[in-house]
Structure formats: structure tokens, C-alpha cells
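*Asks:* So the chains spell out like this:
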Amino acid sequence: MIVVVLLVFGMLQLTPGDPVQAMVGQYPVPAEFREAIERHYHLNDPFLSRLWQYFANLAHGDLGFSFQMQRPVLGLILERAPRTLMLAASGFLLGIPIGMAVGVLSATSQNPHLDRFWTTTTLVAYAIPGFWLGQLLVILFAMQLGWFPTQGMAPLVSRASGFGWFLERARYLALPAITYAIYEATRVARLMRANVIETLGQGYIVTARAKGLSRPTIIRRHVLRNSSLPVVTIMGYAFGVAMGGAVLIETVFSWPGVGLLLIEAIRARDNQVVVGVVLFVSFAVILMNLIVDLLYCALDPRIRTGS
Amino acid sequence: MLEVKRLIVHLRVGDQVLRAVDDVDLFIERGECVGIVGESGSGKTTLARAMLRLLPAVELAEFSGEVLFKGEDIRAMPEGALQQMRRAGTFSMVFQDPLGYLNPTQRVGAQIAEALPSGLRASAVRQRTLDLLREVGMREAQLVARRYPHELSGGMRQRALIALALAPSPTLLVADEPTTSLDATVQLQVLETLRRLHRERDMALVVITHDLGLIAELCDRVYVMRFGKVVECADVFTLFEAPKHPYTATLIELSTRGAAPARATTADEVVT
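Heads up: the sequence lines are chains Y and P, in that order.
Read in our numbering, the first sequence has 39 at position 39, and its numbers run on one by one without any break.
Read in our numbering, the second sequence has 52 at position 52, and its numbers run on one by one without any break.
Do not rely on the hints blindly, as some may be mistaken.
[To be verified] Stretch by stretch, here's where chain P covers chain Y in the computed footprint (C-beta under 8 Å, at least three residues):
hint: 1; segment: 84-92
hint: 2; segment: 293-302
[Said to hold, decoys possible] Anything over 12 Å on all C-beta distances counts as not near chain Y; from chain P, calculated:
hint: 3; residue: 52
hint: 4; residue: 161
hint: 5; residue: 249
Read the hints as simulated data drawn from the structure, not as lab findings.
Here the structure is a predicted model, which is why all the values come from computation and not from measurement.
Virtual Cβ for every residue (Gly too), placed ideally from N, Cα, C.
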């Protein structure tokens, strides 16, 4: 984590741009105003002194202050994180089962045409950029059919509570979550297909056939679990990264999550926020890796005794 | 009991076609122990798997001839009937590499239980599983049943695989290199186990190996394979006394010059 901070802090040091100018906009900055701001936020202090101050604050759980939003960075991130979590979780929950099903179907299909159909479909879906797919979905389902709102996370004025509150948000969530899910599903499907084909070539599948088990039974009892192990690793890591927000999807749907925050912060040269978000994502990745390791222990007995 | 007629198996290996089994005839009588010997690549494993129809269809470029088991042709049988026959315990197989042929994420007991005839009560399944493990010489059957394959030693795994193959009470057991991956003392234990089971269960046994010592210990009759063909077939005594085919003679000479005598003496020690 410390290395991450050093890296991002250092890199932002090298990027051009002037936060004071960004605050004011396109007008010339009055000299005394610039001086006041620079003094107030210690912008002209030497690099090392600022770095030291940042670490000292970090130790107190203070991620800094956003001069663009005029709010503490930690508060900003904590406000955005549940939204990104909601979007990513629904995308993953929808995408992973679909991807696994498609992967297994494709790999175990006795019919080569069916396999080719699924492989091609997955490849095409994988290659479609998320922002474009998102826009297509918006045009079709939001603008033509009017089933879902085009963007945002909730109506501007809302009096709903309880389950109604949830339903209201679910309508907004639908399109970005589907876009998300399609991308994750294609990743999982490709991975799963390869894993299942590899598992089917293993000796214990021959043993299972020698036992006289039917093909569906073999797949259920001997293939699924062993093929799912690598998916757990990849998706666990991906979920950690996803806490940084799917920047493109959040932008297309104006989903006010961490990704959008990052984009806004970069545009505004709000460096404290950028470092804060990166720090948050690296923390999420580390946490997810821990969870993956624990899950792996539950799924794979070889690791349980190894440790 | 089992009769193989003009069996031809061509395997797809990448772009090429391998003539793994080339026009083989053989038969196995009830309760008999038959050896199939040959160097690696001679097609003996392919022959064994083809006999029990365990080769995956995608790998088969050609699969013709007849494999008659009690008069029924296994080769041409529909998949469903074949599954039923396997579940009913007509024939089963012990594989060469016990670690790869056991599911790494399932307990050994569960994997053996899966091979038992369906329709048993849970308590009967548990009992039969433990009996099988004891039958192949595992003393702490309960403990072993709860283990995962990687937690067992090589010899124990091989015996777990034998127990698994015995679960449906087969009348024919095909053992593919059952002792190759084991060290000498464990080899002997597995060999004894096989010999005892063969006698006690009145089960026909086919042993596939490149180890003539094992053949001499166990078998009544031997088929010698080379380049996918059976080059010689004789009973064990005739084969060792007067090999007809020069290839057989070479094999015997090589094996007696090598490690075989040492094995024989250790075997005698254990028997006495």
C-alpha cells in the first residue's frame, strides 16, 4: 500500500496541469487568490514535505481533502463505494452464472456447430466495447421502448421507502448491470470453456466413465467443481479491481460511483482524490485476494492440508 | 468370457493417425489371469481401454472389429446399455497413474461409494466402502475413506483405485501397470492383493505390464504385443522356457539380466 501511494503520488507530481487554474475555470487567476489557495493547501511546499504530511494524515485515517468538492476524500469515497459495489455485484452475480453455463454448454456439447456458435458469440460479445454496448442498450430499451431510465441512479425527487425504494433503484440499475454482466459473462465463459475441456481430459473422468456414470452426472459431480477453481481466482481479483468502478460504464450511464469520481477528480486536477481512489482500489484488491484464498481453501482440499 | 476379434484401433494424435491396435485377436476365460506385455508404445494400454470402450470418441479415427463379452458386442453397444453394464459390475479397470485417476477434490470414500451399485441405503454404502478398503489391505479403512487422494501415499492410492474398481463386483478386472509407479515393497503388497482377490473372487484378471517378473508371478497365459500387433501368445511356462518370437526372447533376456531376479527373491521372502 505504501508503495502504491509513493507511485501514484510521484506520478501525479510529474503530470502537467494546475489545480488552481482548474478551480477557477477558463478565467485568469488573480495573483492574491492563487497565493492564498497555495498557502492554504500547502501546494508549494517541497515534494517530500507534502508526502510526509500525507502519510501522517493517512495514519490517522485521513485521506486528504478535495479542494474541488470542498469535502474530505474519505467521505467522498465512502459515499460512492456502495453504489459501485451495487453495480459491480449485480454485474458479477448476473454475469458469472451465465458465463459458467455458456462455458460448460460450449465445452461439453457433442455437436461441434453448437460449440462454434457459442464460441463465436462469446468472442463477439467480448470484443464489443462496454461503452458502445451500453449506448446501444440505452437507445433500444430506454429511448425506443422506454422500459428503463437512460441514466443516473435514482429519480431526482423520491418519496419511496423500503421495497419501493429498492425497486426504484433496480430500474436504474438494470441497463448498466446488464452491460457489466455481458462483459463479465464473456470472460467467464471463455475461461470456463477452456477449463472444462481440460478437466474432461483428466484421468478421473475416465474413472467416472468406467464407473458407468452418465454424462450429465459426470459433469455435475466431477467437472464443475474442478473447472470452477481458476474462475474463482480470476473473478475474485476482477471484483477487487471493479471497486475502482467500471469507468466507462459509469460514465455512459452517469452512475455516480467511484469510477465517475475518479474521472471527475482527474479532470479537476484534484490529486488528493486520485490518490485516495487508487489507494481504495488497492485495498479492495488485497481484501478480495484474501477472500479468494479463503474460498479456495473451502473448494480445494489440496490447499487445505498444504497450509 | 471375453473375446476380441480383429480389433483395429486408430487414434488421432494431432494431425496424424496412429495405428495403436492393429488387427488383434484374443480371448479370456472365466477366472483366468492373462498378461499383456510389451514395451511402452506397443499399444497394450490402448488395447485394454478399447476392450472396455473407455477411449474417448473424439480420439478415435477408426475403431472396428468385435469385442464380445458373454456374447454381446461391447464395441457396437449404445452408450446407455454400456453404462448399465458397467454399473452392474461386469468389468472394470485399474488405471496406471492413481493420482490422476482419482478426483482431487473428493474424498476417497465418496469416490468408491460412487462406483457401488445404485439403490443401496446410505448405511450399506458406507459399510461396503469400508469393506472394500479393508479387502485391498488398508488397515485404517475409516480414516482412509475420509482422506483426499493427495493425502495418501502412492501405494495406498493404487489400492484405493483397486478398491474402486472392485466396487461393482466385476467378473473381469483389467489392471493397467498396477505396480509400475510404486517402490519395490509396495509393489509386492499390491501384487499380493491382486493375487488374493483373483483367487477369492473367482474374477478374471488381465494384467497389462512391461514387467515380465509380474507376469511370471501372477499370470496363466500371456500375449506379447509389439507395434500394435500380438506377436506371441502362450502359457507362462512355455513362454519363459521356449519363446517362439525373437522379440519375446529379447524381452525375457533383458528382464532376467536386470532387476527381475532381485524382485523374485524378495517375493520368496515375503511368501515364506
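*Asks:* Against each hint, give a clear statement of whether it holds in the structure.
*Replies:* Results for each hint:
1. 84-92: violated (count 0)
2. 293-302: holds (count 4)
3. 52: 7 Å, violated
4. 161: The claim breaks: residue 161/P does not keep its Cβ more than 12 Å from every Cβ of chain Y (closest is about 8 Å).
5. 249: Holds, because the least Cβ-Cβ distance between residue 249/P and chain Y comes to about 34 Å, which exceeds 12 Å.
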